[in-house]
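Asker: Chains as they are written, first to last, in numbering that gives the first Met the number 0: chain A, 0 to 103; chain B, 0 to 271.
The hints are simulated quantities; they were obtained by calculation from the structure and are not laboratory data.
Check before you lean on any hint, since a few could be wrong.
In silico DSSO-like pairs for lysine-lysine, Cα to Cα no more than 30 angstroms straight-line [claimed, not checked]:
1) B:K87 to B:K19
2) B:K256 to B:K208
3) A:K43 to A:K63
4) A:K75 to A:K29
5) A:K56 to B:K189
6) B:K28 to A:K29
7) A:K29 to B:K87
8) A:K56 to A:K29
9) A:K56 to A:K43
10) A:K29 to A:K63
11) B:K28 to B:K106
12) B:K256 to A:K75
13) B:K189 to B:K44
14) B:K87 to A:K43
15) B:K44 to B:K28
16) B:K189 to A:K63
17) A:K75 to B:K208
18) B:K44 to B:K256
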Amino acid sequence: MRLPMRVISWAVNECDDIRNNVLSTYELSKLLREVNRNPHTRQKFMTDAASVVADFKLTPEEAKAVIERDIGALYKLGVHGLILRPFTLIHNVSEPDYLAAIRS
Amino acid sequence: MPIVYASSASHAPGMRAWVKQADPSQVEKIMAGWDHLRVELERAKADVIIALTSEHWANFFLDHIGAFCVGRGESFEGPIEPWLGVEKVTIQGDPALAQYILEGAYKNGFEPSFSYEARLDHGTMVPLSFLMPTPHARLVPIFFNGLAPPRPQPTRCIAFGQQLGALLRARPERIAIIATGGLSHDPGEKNHGVIDTDFDAAFLAAITKGDLRALSAFSDERIFAAGGGTPEVLAWMALAGVMEGQGARQICYEPVKAWATGIGMALYENAH
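Kindly generate the complete structure, drawing on both the sequences and the hints.
Answerer: So this is what it looks like as structure tokens:
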């Protein structure tokens, strides 16, 4: 479900419409944040990501990006850096790899 | 009772999680800075620490987020991040003092939200891991929304601090107060690694002078342009308000590339 919310000018210097005007990824961000901060969700996600994804109202594109841990896609979908970077730290993604993915 | 200790400092996760990646000469200065702050805090023999701290999606999502939130729990656990390199601890809260702060703020024209279940992330736990390696004082965290606009204005943060200072000085406890966050950084975003040393210098100059007018003049736009994480300095502004124009001594400033953050520390040496 895409929620038309007026949100979050996440980045000023590298503007694009998604990140500055609409948080289209409310549910997606909510899911990743839950993985970051809830040890039970995190454990379930690590063993069966699809079952966690099924509990959130994601578009097929969002679900695919999460299950494939496609960092570049998650960033372009609008996930905030303070949710996405911690999510990738849980997956042991190095900083150069992370930055290359979001800048690609 | 006068405030017995006050300091502001950055809380970048790298100070715990990625120490070896940073320039050793910078690390040395930063660790010496923490030692200095810790020794002063121990000397102050505080009963309770008020932490003016940042929200990073640990407690609030866009389902509910307010400008200021007072933690009134019996205890607080943190950090929530398994990768931080800080051991999880439980720190005793001070619900009675938190309630007093809330009631006083409401009388003074501020209506912070409150939480019995606030969780602590690196924003509070990195500084506390250095300042209070073994918890010996109670904690009342006050969370600032530096994330989701609209963010509170600098003038409001300073005024919030001013009324908070008056409330705290009317208490019998020995109260220490810390602000955490900043300085310039753009965590996890495309400008991750860019440090706005001009902003940091101007901001630290205003903090060290206790220049509330200069602090008020920083716009939300200017602060945010220094990186998405930079609005955490709103907590420093609130502490400057608490200290009512007292100057602070800059303990260190190092723009640490590996931690993608301008690391600053300031101590109110004659806190009262």
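Asker: Just to be careful, I want the Cα atoms of K43 (chain A) and K63 (chain A) compared with a cutoff of 30 angstroms; is the pair within it?
Answerer: At roughly 17 angstroms apart (the allowed maximum being 30 angstroms), K63 (chain A) and K43 (chain A) satisfy the hint.
Asker: Within 30 angstroms, alpha carbon to alpha carbon, are K189 (chain B) and K63 (chain A)?
Answerer: It holds: about 23 angstroms lies between the C-alpha atoms, which stays within 30 angstroms.
Asker: Would you mind confirming whether the straight-line C-alpha gap from K256 (chain B) to K208 (chain B) stays at or under 30 angstroms?
Answerer: holds (27 angstroms)
Asker: Under the criterion that the straight-line Cα-Cα distance not exceed 30 angstroms, is the pair K28 (chain B), K29 (chain A) satisfied?
Answerer: Not OK: K28 (chain B) and K29 (chain A) at ~38 angstroms, beyond 30 angstroms, violated.
Asker: Keeping to a limit of 30 angstroms between CA atoms, is the pair of K29 (chain A) and K63 (chain A) held or broken?
Answerer: holds (16 angstroms)
Asker: Tell me if the straight-line CA distance from K28 (chain B) to K106 (chain B) falls inside 30 angstroms.
Answerer: violated (43 angstroms)
Asker: Verify the proposed pairing of K87 (chain B) with K19 (chain B), using a straight-line Cα cut of 30 angstroms.
Answerer: Distance of about 21 angstroms is within 30 angstroms: holds.
Asker: Between K189 (chain B) and K44 (chain B), is the straight-line Cα distance small enough, at 30 angstroms or below?
Answerer: violated (43 angstroms)
Asker: Between the alpha carbons of K75 (chain A) and K208 (chain B), is the straight-line distance 30 angstroms or under?
Answerer: Distance ~42 angstroms between K75 (chain A) and K208 (chain B) Cα, so the pair is violated.
Asker: Are the Cα atoms of K56 (chain A) and K29 (chain A) separated by 30 angstroms or less?
Answerer: Between K56 (chain A) and K29 (chain A) the Cα gap is close to 10 angstroms, so the pair holds against 30 angstroms.
Asker: For the pair we were handed, K56 (chain A) and K43 (chain A), check the Cα-Cα distance against 30 angstroms.
Answerer: holds (17 angstroms)
Asker: For a C-alpha distance cap of 30 angstroms, please report whether K56 (chain A) and K189 (chain B) respect it.
Answerer: Judged against 30 angstroms, a Cα distance of about 27 angstroms means the pair holds.
Violation of the numbered hints given earlier is confined to hints 6, 11, 13, 17 and 18; the remaining hints are satisfied by the structure.
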